[in-house]
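Visitor: Quick mapping for you: the protein sequence lines, in order, are chains A and B.
Position 99 (the first sequence) corresponds to 99 in our numbering; numbering is contiguous.
Position 7 (the second sequence) corresponds to 7 in our numbering; numbering is contiguous.
These are calculated hints, taken from the structure and not from any lab test.
Quick reminder that beta carbons are idealized off the backbone N, C-alpha and C, glycines included.
Among these hints, one or two may not hold up.
[As the list claims (entries may be wrong)] The list that follows gives simulated cross-link-like pairs (lysine-lysine, DSS-like), each with its CA atoms no further than 27 Å apart:
hint	chain 1	residue 1	chain 2	residue 2
1	A	103	B	43
2	B	43	A	45
3	B	43	A	107
[To be verified] Among the chain B residues that face chain A by a calculated CB cut under 7 Å, a handful are:
hint	residue
4	45
5	47
6	61
7	105
8	109
9	111
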Amino acid sequence: DIQMTQSPSSLSASVGDRVTITCRASQGISNFLAWYQQKPGKVPKLLIYAASTLQSGVPSRFSGSGSGTDFTLTISGLQPEDVATYYCQNYNSAPRAFGQGTKVEIK
Amino acid sequence: EVQLVQSGGVVVQPGGSLRLSCAASGFTFDDYTMHWVRQGPGKGLEWVSLISWDGVTPYYADSVKGRFTISRDNSKNSLYLQMDSLRTEDTALYYCAKDKHSSGWSPLDYWGQGSLVTVSS
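This is chain A alone, in the form it adopts within the complex (with noise of 0.2 Å):
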């Protein structure tokens, strides 16, 4: 099974920061690759998939990059509205593992 393995697993940015969350695949995933967020409280949100597309609605800061095993998420300017835990998600085979989480606070 693919294990996806997030860092770091917190972080402490100021607003207007650039943010920048990774998630490393065990195994090559190419693009299938996913990054939701989830607020406190609330039920995930889709941000990003094949490792790069903006989901609908999603504000433009946020971005995706990467193929393969190693994938990066990146906040162009933190918002207060950011604060949240960010998962990624490889969705190419079952089972469809999360990373462990990264949770994104304003210093």
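With chain A's structure known, arrange chain B on it following the hints.
Guide: What follows is chain B alone, placed relative to chain A:
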């Protein structure tokens, strides 16, 4: 508007059983693979199970294989998760979710509101 409405929370004893349900509307239910994902208290997301559009192909996480059964009734636009031999570690908020695309490998674009399952004596 796509909606996934789940059954309410429940408390069950270890070793017990229960069935979760998820009623879908706003899309052609029998075109899409459906999933269950859970989140333990204070923990991350854990994928649990999926079922293909026709109900023929289910997959399970190792942690629930042999104890949980996913099913669907396309005539009722409903998804189910039969949970048997429940353990305290199954305590979690359970979400149903749909594939974004009607064919091929796909991320999850809509999620239910969650059903809280508490396994406790």
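Visitor: Hint by hint, note whether the structure agrees.
Guide: Status of each hint after checking the structure:
Between residue 103 of chain A and residue 43 of chain B the CA atoms are separated by roughly 11 Å; this keeps the pair inside 27 Å, and the hint holds. Between the alpha carbons of residue 43 of chain B and residue 45 of chain A the distance comes to roughly 17 Å, so the proposed pair stays at or under 27 Å and holds. For the proposed pair residue 43 of chain B and residue 107 of chain A, the alpha carbon gap of about 23 Å is at most 27 Å, so the pair holds. Interface restraint check for residue 45 of chain B: the shortest CB-CB distance to chain A comes to about 4 Å, inside 7 Å, so the restraint holds.
For residue 47 of chain B, the interface hint holds, since its Cβ comes within 7 Å of a Cβ in chain A; the closest pair sits about 4 Å apart. Taking 7 Å as the C-beta contact cut-off toward chain A, the hint placing residue 61 of chain B at the interface holds, the least distance being around 5 Å. For residue 105 of chain B, the interface hint holds, the least distance from its beta-carbon to any beta-carbon of chain A being 5 Å, beneath 7 Å. Restraint check, residue 109 of chain B versus chain A: the minimum CB separation of about 5 Å is within 7 Å; hint holds.
Proximity of residue 111 of chain B to chain A holds as hinted, the smallest CB-CB distance being about 5 Å (cut-off 7 Å).
Checked against the numbered hints given earlier, this structure breaks none of them.
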